[in-house]
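Colleague: Residue-level listing of the chains:
6 protein chains.
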Amino acid sequence: MTKLNPATREKLNNVSTATICTALFKRGLRNQFIQDVRPLKAKGGNMVGEAFTLRYIPAREDLNPISVFEDRMHPQRKAVEDCPPGAVFMIDSRKNSRAASAGSILVSRLMVRGVAGIVTDGGFRDSPEIAELPIPAYHNRPAAPTNITLHQALDINVAIGCGDVAVWPGDAVVGDAEGVVVIPIALADEIAAEAVEMTVFENFVTEEVLKGRSIIGLYPPTDEQSRIDFAAWRKRAHR
Amino acid sequence: MTKLNPATREKLNNVSTATICTALFKRGLRNQFIQDVRPLKAKGGNMVGEAFTLRYIPAREDLNPISVFEDRMHPQRKAVEDCPPGAVFMIDSRKNSRAASAGSILVSRLMVRGVAGIVTDGGFRDSPEIAELPIPAYHNRPAAPTNITLHQALDINVAIGCGDVAVWPGDAVVGDAEGVVVIPIALADEIAAEAVEMTVFENFVTEEVLKGRSIIGLYPPTDEQSRIDFAAWRKRAHR
Amino acid sequence: MTKLNPATREKLNNVSTATICTALFKRGLRNQFIQDVRPLKAKGGNMVGEAFTLRYIPAREDLNPISVFEDRMHPQRKAVEDCPPGAVFMIDSRKNSRAASAGSILVSRLMVRGVAGIVTDGGFRDSPEIAELPIPAYHNRPAAPTNITLHQALDINVAIGCGDVAVWPGDAVVGDAEGVVVIPIALADEIAAEAVEMTVFENFVTEEVLKGRSIIGLYPPTDEQSRIDFAAWRKRAHR
Amino acid sequence: MTKLNPATREKLNNVSTATICTALFKRGLRNQFIQDVRPLKAKGGNMVGEAFTLRYIPAREDLNPISVFEDRMHPQRKAVEDCPPGAVFMIDSRKNSRAASAGSILVSRLMVRGVAGIVTDGGFRDSPEIAELPIPAYHNRPAAPTNITLHQALDINVAIGCGDVAVWPGDAVVGDAEGVVVIPIALADEIAAEAVEMTVFENFVTEEVLKGRSIIGLYPPTDEQSRIDFAAWRKRAHR
Amino acid sequence: MTKLNPATREKLNNVSTATICTALFKRGLRNQFIQDVRPLKAKGGNMVGEAFTLRYIPAREDLNPISVFEDRMHPQRKAVEDCPPGAVFMIDSRKNSRAASAGSILVSRLMVRGVAGIVTDGGFRDSPEIAELPIPAYHNRPAAPTNITLHQALDINVAIGCGDVAVWPGDAVVGDAEGVVVIPIALADEIAAEAVEMTVFENFVTEEVLKGRSIIGLYPPTDEQSRIDFAAWRKRAHR
Amino acid sequence: MTKLNPATREKLNNVSTATICTALFKRGLRNQFIQDVRPLKAKGGNMVGEAFTLRYIPAREDLNPISVFEDRMHPQRKAVEDCPPGAVFMIDSRKNSRAASAGSILVSRLMVRGVAGIVTDGGFRDSPEIAELPIPAYHNRPAAPTNITLHQALDINVAIGCGDVAVWPGDAVVGDAEGVVVIPIALADEIAAEAVEMTVFENFVTEEVLKGRSIIGLYPPTDEQSRIDFAAWRKRAHR
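Chains as they are written, first to last, in my numbering: chain A, 61 to 299; chain B, 61 to 299; chain C, 61 to 299; chain D, 61 to 299; chain E, 61 to 299; chain F, 61 to 299.
To be clear, the hints were calculated from the coordinates, so they are not data collected in a lab. Glycine included, every Cβ here is placed at the ideal spot set by N, Cα and C. Heads up, a few of these hints could be off.
Stated by the list, open to error - A few chain D residues that don't get close to chain C, going by computed Cβ distances all over 12 Å: (1) 73; (2) 89; (3) 98; (4) 219; (5) 222; (6) 223; (7) 225; (8) 226; (9) 246; (10) 259; (11) 295.
Stated by the list, open to error - Heads up, simulated DSSO-like pairs for lysine-lysine below, C-alpha to C-alpha not over 30 Å straight-line: (12) E/101 - D/271; (13) C/63 - A/103; (14) F/155 - E/155; (15) E/155 - B/86; (16) C/86 - C/63; (17) E/138 - D/101; (18) D/155 - F/138; (19) E/103 - E/155; (20) A/101 - A/155; (21) A/103 - A/155; (22) C/138 - C/86; (23) B/155 - E/86; (24) E/155 - B/138; (25) F/271 - E/86; (26) B/86 - A/271; (27) D/271 - D/295; (28) B/101 - C/63; (29) F/295 - A/155; (30) E/295 - D/103; (31) C/295 - C/155; (32) E/138 - B/155; (33) B/101 - A/271; (34) D/138 - D/86; (35) B/155 - B/103; (36) A/138 - C/86; (37) F/271 - D/63; (38) A/295 - A/271; (39) F/63 - F/86; (40) D/155 - F/101.
Taking the hints into account, I'd like the entire structure generated from these sequences.
Modeller: Structure (structure tokens):
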């Protein structure tokens with residue numbers, strides 16, 4: 061798996077998923093925000109990492125007694141041990157949050173192993189505990205029933221769908237208090253750079269707006285004066 | 061746009077959407093509560109104002125490049141500048157929260173302009189920032205993708221649907237920590253007056269219930285004694 | 061109604077809905093977690109009690125003017141007075157949260173009467189007030205419109221569906237910050253006992269995982285060493 | 061159960077569900093059309109009868125092995141034998157069509173017993189066979205899994221919800237190729253009479269429109285001439 | 061309203077909505093097929109015409125008694141009389157098929173007036189009658205309740221959303237047995253021309269495939285031989 | 061891929077999906093019927109074959125221009141050429157029918173190659189043409205937009221989810237006019253045998269019921285007389 065450039069990782073730590081979505085939109089990518097997934101708790105700072113994936117299919121009763129977890133090679137447990145530090149663990153749960161994608165023990169293990177975060181388009185069990193762990197976690201809603209009630213882990217690190225978004229192993233994944241966005245790895249550097257630039261401008265605009273300035277001509281800066289003021293502000297602010 | 065009577069505005073500031081819904085129900089209006097919309101954060105106090113509306117239709121890709129916002133007359137941006145202070149900015153997003161109805165800069169501008177609040181039956185981007193702004197804001201769920209991904213702003217201040225409710229420009233809109241209700245402007249004064257009366261009675265009932273009294277005969281006050289006690293309580297409480 | 065064994069009640073106070081779901085799964089019960097229902101506010105400690113039920117059907121306009129509540133035998137009001145202390149009040153709202161299942165006055169009355177909690181697969185009105193009451197309450201989402209807008213209370217303490225789960229009067233009901241699970245009363249003692257045992261083991265595993273131990277061979281404890289370590293830990297921890 | 065007046069039954073045989081809905085709407089009943097239910101096959105003529113109901117709750121696995129049907133008093137089987145000839149068998153399946161409400165053998169038995177039709181807001185199994193039986197049947201979609209996979213029959217002839225409509229035992233039920241409408245029994249005679257009158261007028265309007273006449277002033281007949289023409293047409297047509 | 065070029069209209073009569081969607085996709089238009097709408101009955105031949113629109117908002121009970129239709133300028137009735145012959149009448153029903161968008165009398169009037177077809181993203185009442193009228197009609201599902209139960213007609217011939225697609229007045233609309241697609245009017249000529257060409261090629265491919273030829277190298281024709289064979293076939297077939 | 065035993069294939073040709081579901085239910089398999097999928101047209105006879113699968117993920121715009129199909133190894137096209145005669149082609153479209161899973165040319169190719177049928181939990185384009193082809197085809201609803209609008213074919217013959225059911229390559233798949241059921245291949249022989257036996261009994265019961273016999277004691281045959289009569293009938297009918 062290609063590693064995210066550390067400078068890019070740092071940049072992605074300081075921009076919002078909303079800004080990233082706009083940068084992606086400009087390149088024709090309209091569908092990179094994972095739909096209907098939210099942080100279990102806002103934890104300060106962004107989640108940033110390369111996508112490492114796990115694919116579930118519907119469970120079949122005879123294949124999924126509680127004893128399956130005794131198999132040391134069970135894909136869910138193996139994936140938790142295989143996911144590289146710094147990566148984001150992404151689960152395709154087919155948008156089914158009626159049974160758990162994972163629980164607090166697995167999330168704790170991922171955290172201890174240095175994984176950057178965990179995302180499912182289903183739900184977590186032990187969600188109150190996971191909310192308190194210092195690792196970002198995103199899901200649809202809490203789901204107490206054990207994983208194998210409805211899910212069977214199958215593939216590790218293949219391309220998946222998650223919340224209606226294509227996730228390819230190694231894609232750059234960014235989460236903030238709003239949600240999670242997936243950036244094709246080949247675009248990560250340029251998206252990160254552009255998002256930082258956009259953020260600087262948006263910070264300027266926000267300041268101006270809060271001082272009472274109209275958005276017309278300012279956002280976007282179709283007035284020459286807006287561009288002059290931004291240049292001056294930027295200089296003053298050393299950004 | 062007819063302005064809300066200041067006395068009515070004050071009354072609506074001190075009653076709940078639930079009480080207003082009951083007063084509307086008594087007049088045959090059963091569908092005035094905006095469905096599946098919630099405050100980004102409870103901000104204390106109600107949101108009260110006249111409805112000022114914006115209508116979106118689905119975006120068509122060729123009509124919605126990022127450059128559309130360079131048009132100073134773009135309806136979304138124009139609406140933000142046109143919305144009167146004291147009004148509530150209501151957006152018909154066709155209940156689609158897969159792309160943003162608006163973001164923090166526009167909401168900040170509305171706030172600075174003295175607008176009373178903002179409501180969409182879609183979702184906001186920059187929702188963590190909006191949550192912290194001292195202006196009430198209601199949506200379905202966060203939506204980072206830029207507005208023009210799925211929406212095109214079209215009409216300003218026409219009658220719309222929002223969360224399955226008819227919203228006519230100038231209607232009285234009230235929001236609390238529970239959600240948002242729309243009151244036909246012609247009924248605003250009488251609904252406000254009745255809701256205040258109902259609230260006084262409900263405060264009395266709540267006190268009694270917390271003291272251990274049964275609801276039978278008290279709520280509603282079919283027992284003569286309940287009406288006597290209420291009259292006495294009201295006198296004592298100067299309400 | 062059979063009363064929950066006090067020892068069982070105590071045990072159920074100290075285990076999670078997730079653990080209970082696994083114990084039920086082992087006995088072939090895969091569908092006991094109430095779907096898409098959440099606490100209005102985390103209130104510390106579990107909700108535990110026997111199920112006492114109320115069944116709603118769709119309201120018909122001519123049968124449900126506001127005056128129905130003047131009937132002292134109206135099933136909603138009667139149920140609130142009949143529900144035994146220590147029970148959980150469970151409402152079948154047909155998963156319809158477009159109008160209220162109940163409001164703060166009825167919930168206050170239940171609380172004062174010593175009821176253990178209230179659950180609906182619809183929504184509560186006055187939800188901000190209910191959130192602050194020291195009684196556990198679970199619903200789908202806030203719903204300001206008065207109950208009779210869409211619901212008519214019909215039957216008291218019959219078997220119902222709630223959030224896609226069968227609820228039989230007298231079943232053991234447990235709620236935590238994650239949600240609500242229903243345990244057939246005949247299984248309550250053994251499920252409680254097993255859940256306590258599972259919790260002890262999960263506490264051990266969590267400690268080990270946070271210390272850096274791999275889950276393979278530990279969870280489940282397929283390694284002999286895991287079982288030895290657990291026995292030692294248990295002794296030390298007096299559990 | 062009150063029997064439908066034979067003259068009323070005959071009238072209801074000759075009007076559409078759409079016309080009946082309008083007559084109900086004029087009396088403030090806006091929600092009597094069963095939502096998202098369709099005939100398995102158009103069979104010519106209306107289905108008309110008094111409602112006889114069956115209530116399902118979610119199945120619990122331990123209570124619903126295949127052997128439950130060996131109980132001669134099993135509510136599903138008992139209901140099929142108890143439903144009066146001329147009645148419509150209405151099932152509350154909680155709008156769940158993932159498992160069957162009933163299959164062709166039970167529907168055949170109802171047919172042989174002279175039952176007027178069968179309606180579920182879930183789905184039938186053996187739907188191709190049921191489609192060919194000369195008894196009207198309405199459901200949401202085919203559902204091959206056996207009933208007890210997800211449903212447990214509980215109550216016979218209680219008030220239920222079916223497709224979001226309140227169904228009280230003895231209500232008049234009418235089905236045509238469009239769907240199914242429920243008429244409160246107390247209103248059946250007047251609704252039937254009014255619907256017949258409306259149908260006569262709509263037949264006249266349809267003829268006129270097909271001849272090229274504008275709907276303005278004709279439908280509704282706000283032009284005096286429309287009323288004169290209708291009177292003449294009615295005389296000529298002996299209606 | 062710009063009229064469709066007669067040659068373009070003829071071409072659109074002879075291609076499928078699927079082929080048109082592909083031609084639109086090549087130009088970056090990915091969302092022009094109206095979602096979840098179907099013909100009441102396959103009627104042979106395509107529906108082709110310019111879009112003429114009607115916008116509904118949610119009905120408010122006090123504004124929508126049955127007497128509203130006595131107003132000769134009621135927008136629903138006026139729209140039916142105003143829609144130009146050859147146009148397609150498109151209704152924005154907010155994807156709500158719980159009450160009717162229109163019934164057989166209005167559809168008959170549109171037919172007699174020479175309108176090319178009618179589309180709603182809600183449902184029609186009198187659907188069995190409409191199915192038999194020789195005018196194409198598309199909806200989501202039958203809906204017997206009268207229009208004003210849930211809808212209020214507001215605007216005539218404004219841009220709308222219909223089945224998640226933007227419909228601008230004057231757009232080219234094509235319906236076949238599969239569904240309905242909307243073509244921006246500026247692209248109608250070139251899309252029609254390209255779709256005809258694509259159809260010729262697809263006819264050739266279909267013949268070859270039915271004779272047993274592999275799709276690899278043929279569809280698309282990456283093999284030189286496929287292009288040679290197509291040229292020969294086209295010559296022989298005079299297309 | 062294990063081939064279905066020819067005798068088993070023949071048996072599965074003569075039983076219904078409903079009967080198979082019951083046989084599976086008796087073995088604890090409750091979730092084998094593909095949800096919300098229907099035949100494009102009833103074609104007489106069952107579809108029977110081994111599952112051959114294709115997995116889609118969400119399309120990303122930059123990876124899915126129209127030119128992808130020029131790749132001779134594109135998984136969708138390759139799968140169509142690889143699927144063995146006698147197999148059923150099963151597509152995991154993530155229950156998304158907003159763009160096509162496949163169109164008539166690919167289905168024609170599968171038909172010519174001797175494939176037994178095709179199933180998607182999305183939708184087909186060219187559905188009117190596919191409906192007329194003499195190969196069974198099942199989908200959710202028609203979907204004219206080209207496949208790559210929303211789907212990207214990825215894996216061939218891996219385990220998938222289809223309509224909420226686990227489909228393992230080589231499973232026995234049976235479709236009738238009601239829908240599609242998936243039988244784990246290891247159980248195919250015994251399920252087929254049991255289903256044939258059940259069908260014989262159900263044929264007897266149906267005859268008896270149509271003659272007027274009560275279902276009590278007959279279905280299931282808890283009366284000794286029912287079993288005697290069945291034995292006699294079976295002898296007479298040579299089954």
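Colleague: Let me make sure I understand: some of the numbered hints might not hold for this structure. Which ones are they, in numerical order?
Modeller: Hints 2, 4, 5, 6, 7, 8, 9, 13, 17, 18, 22, 25, 26, 28, 29, 30, 31 and 34 contradicted; others consistent.
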